[in-house]
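Chains as they are written, first to last, in the numbering used here: chain S, 1 to 537; chain X, 1001 to 1360.
Just to be clear, a hint being listed does not mean it is correct.
To be verified - In the DSS-like style, the derived pairs of lysine-lysine whose C-alpha atoms are separated by at most 25 Å in a straight line are:
id : chain 1 : residue 1 : chain 2 : residue 2
1  : S       : 260       : S       : 388
2  : S       : 388       : S       : 344
3  : S       : 88        : X       : 1354
4  : S       : 332       : S       : 286
5  : S       : 313       : S       : 344
6  : S       : 61        : S       : 88
7  : X       : 1250      : S       : 309
8  : S       : 260       : S       : 286
9  : X       : 1250      : S       : 313
10 : S       : 61        : X       : 1354
11 : S       : 309       : S       : 210
12 : X       : 1250      : S       : 344
13 : S       : 332       : S       : 309
14 : S       : 286       : S       : 309
15 : S       : 286       : S       : 61
Unchecked claim - Beyond 10 Å from chain X on every Cβ pair, some chain S residues (computed):
id : residue
16 : 150
17 : 155
18 : 220
19 : 236
20 : 335
21 : 338
22 : 342
23 : 372
24 : 374
25 : 383
Calculated directly from the structure, the hints in this document are not laboratory data.
All of these numbers come straight from a predicted model, not from anything done at the bench.
All residues carry an ideal CB built from backbone N, CA and C; glycine is no exception.
One-letter residues, chain by chain:
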Amino acid sequence: MHNAELFETRSKSSSSRIRCQGISKTYPGVVANNAVDLDIQPGEIHALLGENGAGKSTLMKILYGVTLPDAGQIWWNGQPVSIPSPAKARELGIGMVFQHFSLFETLTVTENIALALPPGEARNRKHLAGRIQDISIHYGIPVDPDRHIHSLSTGERQRVEIIRCLLQNINLLILDEPTSVLTPLEVEKLFESLRKLAAEGCSILFISHKLNEVQALCHSATVLRNGTVTGACDPRMSSAQEMASLMVGSHTELGVPYPKVSGGESVLEISSLNAEREDPFGTTLKNLSFCVGQGEILGIAGVAGNGQKELLKLLSGERLTHQQDTIRFSGKSIGRFNPAARRKAGMAVVPEERLGRGAVPEMGLHDNGLLTGFLGGLIRRGFLRHKKINRFAEQVIQQFSVKAHGVAAEARSLSGGNLQKFIIGREILQDPKLLVCASPTWGVDVGAANTIHQALIALRDQGAAIVVISEDLDELFQISDRIGALCHGQLSPVRPVPGTTVEQVGSWMTGAFDATSVPQPEEQIEEHPQEPQEATH
Amino acid sequence: MLSVSPLPLPRLERRQQDSQLLRYLSPVLAIGLTLISGALIFLWQGQDPLVGLYTFFILPISDSYGIAELGVKAAPMLLCAIGLSVCFRANVWNIGAEGQLLMGALIGSAAALYFMESGSRFALLFTVLAGAFAGLLWAGIPAVLKNHFNTNEILTTIMLNYIALNLLLWAVHGPLKDPNGFNFPESALFTEAVTLPIVLEETRLHLGLPIGLLAVVAAWVLLSRTFIGFQLKVVGLDASAGRFAGYREKRLVYFALLICGALAGLAGVFEVTGPIGQLVPQVSPGYGYAAIIVAFLGRLHPVGIALTSFLMALVFMGGEMGQMELGLPLALGSLFQGMLLFYLLACDVLIHFKLRGGRA
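One chain only, chain S, in its complex shape (with noise of 0.2 Å):
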């Protein structure tokens, strides 16, 4: 293969497949690379670790050609480059796989593909095809060329943007937290996938926050904190936990198992919930029933796109229910409450989009509080209390630990991490009776997660109940204290947490229960014989 030959002439030029001295970029208020080092060999798939906001995007962001480094050094093997522009990067060899796929959904495998490459290479569809077939076969990447994206899982367009990545001849792939949309074993396979391309001379530079993963598939690992190195080290070597304090700088607990307890008097009750897709590529809620008592936290596992954006939708009240019982809250039936009187009832959510749903990405903190705080004394007959409105953003900002430049900050301009903190804190500090939440840690780092995790517990252990509903079956397992799977739209049984086990749940998130009736778990199994979902945790 081309890029095994292009990896043994150019190696021996230099050894570095890409070396980075002294990166620095300021933004205004905040320095985002402070003198970062970096350096991939041909060949190694690298880490890069670090909270949210502790300057990966930035880095990645330089080495892809979408920001100019305001200091610092490039070396391409062994030669000093600039990369003014992603073409730039791309002529090089280098590609990369953002968090949110560029595909049209409505244009083919093929043609997608097609899109990204030089009109020569392009023009001809059935060469081109038989390149992708080649490629997906050699690296076991398996892709329809033919499909519409539309029809694609998640996993199947990230895999379409690898492939497309890999036809450009690259010799180091750049992967933004490409396992937050997988399942445990699509990870497995992508693992083995990037490996071979590996031992091919191909680069990876692989960017999670997922230590298990880091230490299951990297050769090195570079942490970033605060915009500077905080060190390097080999990931097979080191523990999870050396390396989340490299991250964090304290020595968080990881993955602290929170007591588990039971719930009391039932407070949201879903009874035969039923509900058709609004879109033609979402998903129909068939007969959904649980509930959730107070002071407990039921967990709701499954692969987005199984109902999990539907059922938030008609929790929220965004969406209305034809039957107004089949959702009951503290004893009322508010299948057609609207989300302003849910809210007055008592109920908050916290969805799964930040910015475009839980924030006005263009307004400050203080008008990001009173978006949904406005029932708690921020307005008086009508008109806005300004200071009330801006404490009630500070004291987010405190006892949420969310680093901002103060209450005008534009929520777009925080981290993922920190708005998410943001944004829960001000659901908590409603003080509610039911909190939905959706993957609430989700590209979050290992400090926030924490954070939000303790806060959850807390509110939780102050008698609130809590829906949460996560692709992350570890976090589920951490702080539910009941849990179920979502699976095409049927909900599995719920079981109590320490009775169950992730194998468990794992087969549920893949469809593997009966919907009619609450079946025995040995039954499940053999129903079934499809492969049985392992565990990767």
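With chain S's structure known, arrange chain X on it following the hints.
Just chain X now, kept in the frame of chain S:
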């Protein structure tokens, strides 16, 4: 490896953060560019550019009467633009201020003609209220269509502008035509009882301007001090966040459109009961459309709008002055308006993007 080589043209690059300086500099820049282009047009028309610009922008306001006239022209645009800014903040693209203004003038005139007879003490008040209410109802049509039938308000408001204009033409040629008017398409002249009081002696400056300035204050309070104003902004910036927070989007659409309709209707009835004094086919030289430019030039901020409405009034007067003094076509005024909006939109790109020269 093949790659498309970029042309050595300046490129636009997304700024990390929007430039606050350019947000306010952009209208100034647009005005400057309009003046330069204007000078070139004068040159091309065989006029001395300095004389041309002087005739356009200085001569109309060289005496106190001219300054008062500026207020007369600014008032309707001010009222419309304030209403439009409420809509635009909420992402409701109301292009129908013109139609709402015309309906205000039409129904206001009908009311005026009716109350002229009655001799009621509240004749003027009822007339004005009738005009405002007519504008409100006219704006209610696209609001209903948008909220309940999901129609695009840009299209419906534009179409309603033409309907309003034709209704007005039908009325002045038909039911509202002055029976003693020698068959001219005009209503009877309004009597004192239904005429707006003059606020400055010896001029045509009427009560519309102080009320317009009152609207500026009210809009400022609404947008920066009230929860409704906050909700309008949230829905405008990010509809899904508004929906998530439980704001009633449909109610906000009604609110914005009805407020704007009432203000535009007020502008219309002020025109007929103020400077014109009767209903004529040409009530508005496009005030409702010009108000769109005014609203954007004023950055959708009430104070900015107050300033730019006077600027736009000057452009209107300059157009007439150019016709009278230099024999230039009246369309030149519209040309200036168009250039102003064009340059503003072009300069606004610089708020979000910066120019980078040379090749990549």
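**Prompt:** If you check each hint against the structure, which ones fail?
**Reply:** The structure breaks hints 1, 8, 15, 21, 22, 23, 24, 25; every other hint is satisfied.
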